[in-house]
Each structure stands twice: as structure tokens, then as C-alpha cells.
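Protein chains: 2
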Amino acid sequence: MLYLVGLGLYDEKDISLKGLEALKRADVVYAEFYTARLFGGDLHSLEELTGAEIKVLRREEVEEENRPLQDAVTMDVAFLTAGDPLVATTHTDLLIEARKSGIDVQVVHSSSILSAAPGLAGLQAYKFGKVTTIPRPEENYFPHSPYQVVASNLKMDLHTLALLDIQAHHDYYMTANQGLEYLLKVAQDRGDQLLNEDSLAVVVARAGDTKPLVRADQMGKLVNEDFGGPLHCLIIPGKLHFLEAEALVVLGGAPGEILE
Amino acid sequence: MLYLVGLGLYDEKDISLKGLEALKRADVVYAEFYTARLFGGDLHSLEELTGAEIKVLRREEVEEENRPLQDAVTMDVAFLTAGDPLVATTHTDLLIEARKSGIDVQVVHSSSILSAAPGLAGLQAYKFGKVTTIPRPEENYFPHSPYQVVASNLKMDLHTLALLDIQAHHDYYMTANQGLEYLLKVAQDRGDQLLNEDSLAVVVARAGDTKPLVRADQMGKLVNEDFGGPLHCLIIPGKLHFLEAEALVVLGGAPGEILE
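For the protein sequence lines, the chains are A and E, in the order given. Residue numbering for the first sequence follows our numbering, beginning at 1 and increasing consecutively. Residue numbering for the second sequence follows our numbering, beginning at 1 and increasing consecutively.
The set of hints was computed from the structure by calculation and includes no laboratory data. Be careful, since some hints might not be right.
Identical chains share a label here; the pair holds if one copy fits it or two copies do between them.
[Said to hold, decoys possible] Straight line, CA to CA, 30 Å or less: simulated DSSO-like cross-link-like pairs of lysine-lysine: (1) K127 with K239; (2) K100 with K24; (3) K127 with K100; (4) K239 with K155.
Note that this is a predicted model, so its numbers are computed, not measured.
Okay, chain A solo, but in the shape it has when bound:
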């Protein structure tokens, strides 16, 4: 039996009661933090709460050695991941492989940035287009695709949730500032005025924390602000309903005049 358990957004208390029960029931408990991480989190208190010892696996132990899957043939295995357990492709692979091997799987869902960030900003979920992730730029790697997703959504008056690269093995968590710079640089490189320093953006930092940060303003302004610790994400709003505009003022401190 394999339990795929989501730890949720921010700390060890974002796990559900169902997830906690799976931990107590499991013979062995694994976790991975290479696709995402809990920044407010403390796994030790989760260990104390459940009596389970949590072993953190490296990517190769999951994806090459198939540790969770191999153990699940003979034992009850709980595999913990930040956020919802099936948002990262690598966990969906585990689900599929388990099914193909005739191993029972139970998915324990949890909170995810995909549903949390829009709501925290006061924006309506059904007005979002395709989501994108902004990657860490490298010397020969600076894809325009995240910008193109934003542009395509904007042309349909839709909002875009832009997640920011996580490279846990390098302790790299892209900041909202780096994400904003990325998008502005692509716009400049393309000679495109669809996004510029006057464009509206929203920063959501530490979703799931008791005091998450929401800031809405012009990109040129936001790029120089300090949003505190990770994780950050960005929203590039499309056409705003007047209640959404009000939300950005009340929740994100947007100057009212830039929304008119």
C-alpha cells in the first residue's frame, strides 16, 4: 500500500487529519523536498505527533531507485510531499507505476499554491488562464515561453499565475523580484510593450503562513521591494472585475489610480 500524502503549503500543520492517520498507519514514512519545500515547517514535530520516523529521500532515490514503490510491495508506505501530492509530474508517475504494479494507492490531497494564490489576492479562479513557471536563467538558457503564456492570457483578458523556479539542491528559490525582472527583460528583448514597468502585477509570498504577504502594484515599483522569505509567486492580472480591483487595493495595497 502506498499513501501519497500532501503536506500542504507552508508548515507541518498544513497536513490533513487523513494525512496524519496515514503517517500513523504506515510502516515506513518517506518525504521528498526537491520539488518543493515547507518553509515554515518542522518535520520533527510531525514525527513527535505521529510517532513516525520520516526519512527524506533524494531525487535519485525516488526516481531511479524507486524506493517508495519497491517498499510498498510488502509494506504500508507513506510518501510525503509539499503542496498537493499530485501537482508535480514526478508524483503522478509514482501513482501510475504503482497502479501498473498492482499496488494499492491512496491519495491524500492538500492545499496547493494553484488554488491558494488566486484567492489570497482576491482574484477569481475562473478568470485565470494557463499557469506558467519562470525558470532560473542560465548562460544559454533564457526561454521566452513564460512571457508568451502571460501574453497569450492577457490577450484573452485572463490572469496568469506564474510560479517561480525551485532548485532545492542549490538552495535556490527564485524571488518575486527575479521573476519580475525576468518578465520585463523578455518584454524588452522582444521589443514588446504588452508588459512594461507600468504594468500591474501581484506578489504573493508565504501562502499558507498566518500572515502571508500580498502586494499589488506596477512592476517597476515591485521589482525593488523586499517581500521577505520564500516561497514567492507572481500573478499578472488580465482584465479586472471591479471587485477584483477593490481586492487588490484592500488586500495588496495597490494605489487606486493605477487600476483605473
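Start from chain A and add chain E according to the hints.
Relative to the frame of chain A, chain E by itself:
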């Protein structure tokens, strides 16, 4: 103080530890089940677990009388909702009104169909376009807009998550069959061949349950199947990555030949 607490997808054990603590801490605990409902749920066991008495409010008590907000001026109020607490617009309004009134708000996120359904079907979150909801048709009300969302996404090779109407006060929870019929009827009315009985669709039923149902097949086939109790939702896949196609076969029992 106002705690907006998500109960998550399916039953009373989908609440997070953080949500449970808010319930214990609150002076008064309200819940609403007019925007969504927990079908596996039993609030009594949640009351036993926390010692809190949960009072279920009607829509007018929330939206007209502002009960949660008024009480939060002088007391610690927890307001419980199915799914993530900020996905429904009416809860975002509460958050905004609370902030405007200077009332402290803490959001306790939870699992949502928006992030859970794509993963259960083995489809990649970043390949979804705009989400839509199929409304209950009435004599003079049969909007084509949900179909147009699907069509627009399909033209961009994107998947569509189609939620199905919930009218809790009429004990009406649209089935996947009704949703499929709706889309097929719009296609027919428009004389449009983008969707027809041969088109691929995915049904996800009872997400969050220990044994949720995932079925992928042609719409003409699915429309006559029995998917069991609510809640249901639909996914209309766009262009499939080969791993996604495999997922629909393994997880959803799709006949391999229709995916080629």
C-alpha cells in the same frame, strides 16, 4: 478575529491540523454548505474532536446579515467551507470586508478540486487553460459559454476542467452525465464538430475519497455510464503528452486505441 477555514474535498478528515486548531480556539464556529458540500462528511465527529459546536448558516445569514463578520468584531469566529476557503467569490468578499473593517483574518487553506482533479486523472496542471462551470439548464437559460471555454482551450491544445453546478438548496448536484449531455447539446446546436460523441473526456467522481473514480473514454460512451454519488467533475483533454495518454489508460481505463 476571523478564521476562514477550508474543510477540503470530501470528508471531515480533510481539514488540516491548523484548521482544527482554529476550531478549538474559536468562540463560535460557523459553516456554510450552499457553495459546496462534503459528501463523505460527518460534522458531528468534527464537533467531538474539537469540542466546538458547529452552526450551519444559510446564504442570507452570511451574505445579507453578515453573521460571521459581525461576530468577529468582538469574538474569535471560525467560518468553515468545503474545499479551499477562498475559491468561492463569496468568501473572498468576506476577506475583503473584514480587512476594510479592521478585523484580523487568518486563512487556513485546504485541498481544492482545482488542484486535485487534474492530478487524479494524471494530467499535467500546466497544460490546463481556463476553468469553467456547467450550469443547470433552465427553460430560458442554456448558455453556450462553458462550451466556448472548452473550444477555446482545445484550439490552444489545452485541457479544460469543467466543474458542475451545485444547488445545495435544491439538493441538486449535476452529474457528469448531465455535464456531458450539456456539452454535446451545445456542440449540436452550434453545428460544431469540435466536440462530438467520439471526443475524449474524463470523469472524476468523489475526489478526496479513499477510492475516487476516474474514467476516461469517448463522450458518447461515458454519457451512459454510472459514476456513483456526487460530487462529479469533467475534464476535456486537449493535446495529450504520451505520459498523459498512458495515465488515462492506466488510471481511467481509456481504451488505448482512441488515444492514438
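Status of K100 relative to K127 across identical chains (alpha carbons, at most 30 Å): Between copies, since 24 Å is at most 30 Å while 37 Å is not.
30 Å Cα threshold - placement of K155 relative to K239: Classified as both; 9 Å inside a copy, 22 Å across copies.
Same-copy or cross-copy closeness of K127 to K239 [CA-CA at most 30 Å]: This pair counts as both: shortest intra-copy Cα distance 9 Å, inter-copy 22 Å.
Identical-chain pair category, K100 with K24, by Cα at 30 Å: Within one copy only: 26 Å inside, 43 Å across.
Violated hints are absent here; each numbered hint is respected by the structure.
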